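**Student:** Residue strings, one per chain:
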Amino acid sequence: MNKLITAALINILFASALFAESRIAPILNSIDEIYKIKTDARADVMLTQQKPEQGTKVIKMIYYRRDSDDSFLIVMSEPENEKGNGYLRVGDNFWMYRKNTRTFQHINRDENIGGSDARSDDFETRKLSELYGPALGPDGKEIFSQEMLGQVPVNRFEVKALVNDVDYPKKIYWARRDNNLILKEESYSLSGTLMQTAYFLKYSIIDGRYLAVKHLYIDEFEKGNKTVVDISNVSTAKLENSIFTKAYLENLSK
Amino acid sequence: MKLLITLSLRNLFRQKRRNILLGIAIALGVTILVLANSFSQGISDIMFNKIMRWVTGQVTVRFNEKGRMNREIFRDKERVMALIKNTPGVLEADEGAGMFCRAIGNGKSDNIIIVGVNTSLEITEETKKELEDSFRLIEGGWKDLENPAINNPVIVSEEKARFLNVKKGDVIRVRFRNMFGQDQAARLTVSGIMKNDNIFMQPVVFLELRNAKLIFGYKPYETASLTLKVKDAVKNSAAIADSIHAKLKPGVAVIHALTARGDKSSVADVLGYRSDEESKKKLSALLKIKSGSVEAALKKDGVVIFNTLAGALKVKAGDEIKIGFARKFEETPAEKYLKVSAVAADNPELKGNVILVNDEKFYDIYYENLPKPAPEAFIPDKDGSWAGLVSPEWILLERTANTEEAKKKYIALGKKKWKGTTIDVSTMYETASDIMKLEGVLKLITLSAVMVLFFIILLGVVNTLRMTIRERTREIGTIRAIGMQKNDVRHIFILETFFLTLFASIAGIAAAYISMWLLSQITFKMSDNPMGMLLVNGHLYFLPTFTGIAGNVALIILIAVVTAYFPSRRAANLSPAKALGHFE
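Chains as they are written, first to last, in this note's numbering: chain A, 1 to 254; chain B, 1 to 584.
Because the hints were derived from the structure by calculation, they are not lab data. Warning: the hint list may mix true and false statements.
Claimed, not checked - Lysine to any residue pairs mimicking SDA-like chemistry, simulated, CA-CA at most 25 Å apart:
1. B:Lys77 - A:His106
2. A:Lys160 - B:Asn369
3. A:Lys226 - B:Asn347
4. B:Lys417 - A:His106
Being a predicted model, the structure only gives us computed values, none of them experimental.
One chain only, chain B, in its complex shape:
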């Protein structure tokens, strides 16, 4: 084999001019392929790691109360945070809070997005560098956001500051509708100005997370969403999201309360019942109404109590009872009034005193006054008739694999009219899988164009080989006559093409790197142009990867070798006597 390699390399250098010209053509193709692939890889990297990473996090846990898209709130942040933080592979976990606002600067108004940023969160050096690269501060510093002497200090993009006619120290007034749809107004003080080439990130105004939550109307123990940074996101994010999803299986929502009417009181467990049509049918069959009606019991504000409790409180349908219970996060207990719609016969599966409330009304009470966990509270048997009928703590949405599935899920969410809080766990690669598709399409277009180019180049390879074989016919006859086997002759020609393509590819890769360096030195001023999104700090961004380049080179070599195989076989099949007698 060593001899064959030596012979093929020697032959390669015998026809320098011809092979150099052919090599240049192959190198040019490789250069274009590597350049284009690195550029499309760069676009994906910008979209995911420089935009989506900051907007949604690599893995996101979204909460929508009552299934409403605008109502992003979860009332027990620490509970979910504790589950997430212990998940292997999670590097950083933080709250996400943002709101679209109308901003008024000095005589000018425009739309902005206030984003809460947790400046006290301990972040890795890598994240810090990514942050500084993505949002380059030209005035002020991130720590200024924590300055208690300034009223709501914010960092604004240079373009937005120019449009709103504000500079450092000026006040921006904002109005917005918060997650409940309430109108809110606030005054923000410009404490820093940042530069960002991405036109879609220019409306972003950073405000310290605590201040942001306060003006949005979140309590400290509530959150809008959770964003996570994970180890080796491309490889691990889906598995980590699956693991978090599995941990978020809801239990039954229950309020362990003291109920009272007049001077009568009793401890009871208030459960919500599902109000979808199927559940209502099952409930109608299970409830044996003694006072009131099934219709009233299943109405939006339906409240059903059972015989024993009704007797203890001396209550009938139409009466009002008062419930009081300790809250998880507030010192004072909650007090609510419920109008009894129906009294039902005791059910053997419901132990103790149970009050059933339509989930629409139940969740209003439950979420607004999150009850203190009570281990003694009654939970229906998970294998019993009531298991699927009582309201869960939240509704965990199914995991989806790509943008298309996520869209369908959210359309269904709009139609289903969930009464509880929905929780959705997703990765940025799933919610923005269209970006990956775009990258794939760009790569395919490039590959197709380069393949056309290679087809032309390979015609040259075939032609060169034919000429070489013709020139060396007598030589083939000689080496065959002195004992070289057919296979070896074929291998010499194939190796010759292999080495030519390999050297040309190496030269092409080198040329591609030089071109990328040169192209990324050019500065583009595109701050008001959406195409600026494709730039990093005003420069073109390429991301060559070893696997990408190795794959391209392997493909090109394979095609060249396959192309060379047929003329090589022809050369190998020449009869030695005929070849020796060959004359030009």
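Only chain A is shown next, with the shape it has when bound in the complex:
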């Protein structure tokens, strides 16, 4: 019986060994390569959230990231009630700091940051090609086309999640044909509902890598909700190790 199972497994293993050549996989790899900042980084991040029932809310934060172990520190500077609060991630540990109580609390990576819709895992640097793979259509072929986005020639392609812990199980990208920069992204829920459309409006080149410094996120589920993300004052200078400590966050918040 065991031999039969073994034989069956060998057949399956080797029958599926060869993959058809993918058009999407190289683009995903290229995106990882051109986006990945391989240095420490510091940036000011501003989120402008518009919700019809709540009006406009501006959230500002300073983001520090250490390349060696992917640690990061976020310090809130606006709105007033969030000022001084922070989030520190070092290795597997992730803490939220509350200025009012001067306490650190262990939190999950799916925690919302500073009352915004952004989550801590949005600040992690995970490879797109490890999270998503090409989606196949009913004909078994990759869902890929070439079209124009406004005046820009783009590759339009669909990807599906390879892992569970991503926000959206399915995404469609519009990436420039000449350099694979993403210009538009549609995110779909597990049931296939369009949940969010993102536009990457402006890019800067930092140390030879592309960084989208202005993004627009449109909530397709609750119409009227949108968020603009502005990233400024980006620096890739080496950061002191003392920055990624609880003491630094406490001192900064004083």
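Go by the hints and put chain B onto chain A.
**Tutor:** Same frame as chain A, now just chain B:
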């Protein structure tokens, strides 16, 4: 003794007016005590049997993959269910599945909680009645949730339906993040409307369990938690939880797989290794690395194979191997690629071909593709060096006795960064022991207030007895002169007080029952008020218990008797000659 009882009863009725007034005072105290105790007992009953019972079950088995609070999932529901169902005292066992959602109705949006309800589960008449009492349907029926012609039929509370501006037949769109953190959207159709006085239960929207699991992203063989109803919950739930906990001891997680590289293949057993610092130190000592490094082997994605297998597959550190194995619930086998971090010298305690994988990576493969059980798979000797180092199927959390301990356990859980699924077995009396504390505090406050009242009443008892003794001094002298013993005289007065308190207590209990009936006839409209939680169907809820009332009455009688003892002793110690010569 019979004579003493007759005499004391006769004496009691000799001073009717005085004793009736005193009796009314005692009865009033008893009424207040019984009323207040029944009310606090009622609050506990509402919290446990009308709220917690439905939210968590009397005994709950919770699963958190990777120890994450939001990631409530266990990949082999039937395995745990089979263990639980055979546990004596378990009356009903069902899956619990719920998710916080943002709901959009007709032009209005609000937060709701979708709760999966198993309408096909056979429930006792008692449970059915409890269900109907707690969630009173004013439109539609529970069976409508099973209607396949309706897209995700749901039952919504009257208040939530009003807020979302929806009625029966309307569609509610919902969005939520499921247990993996993925955004999900669904359309629900209102097929029923229920009434619930408890403001905390008003956001609950019931959806058939199968539909709920489908939109949440659970596979049929997966579950979020298990909730149990047990026989005589107050008495048995802790013992049943202990028994289930003992049955849930995990074995070693192993994947019996076919490994391959190029045209070479071999059968191997893939084991996870624990990645906490202490285990890593022990592993460093046990692994004799031949290719690659210990550091690489112990990294998050560390994979170690041993010399014999490495030779068979012609593999060295840095090479990629493919593993394939049959899955327990899926027809197609799983295929995964592992990059070898290190090759170690064969270890005599690890029989056959073993591959060690860091538990973070191992559990991702193991849980996503639960392997078919393979009796021939190698499991390290439980007394050997590897027993504590290989990953278990799950992590069974220690039982905790109360809310405080449970809180500490969950704080520790957040810090420990478990990579496997944690299983926690608890009873609602343990996780919500603060409610029992609240009941205790309410009872204590009532008792203290009533004791103050009784202190005043007992001053009356002492005063009455003193007056009675004074009035009856010559009578005491007479009965002592004709041969009655000192003890009997004392007993007559004590019995007199005992009977007075007993009759007054009986009257007080009767008055308390009448008051409870009258108070529970008043209808309160508090659907938007948290205090509505203390009501049942808009009425105040009292739960008098025999032990509670008997205990209160016994306490009051004891205090009265003790109070009466001293004046009675004084009466008994009177000299007959002196008493006979007493003149007012």
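**Student:** Please list, smallest to largest, the hint numbers that this structure does not respect.
**Tutor:** 1 and 3
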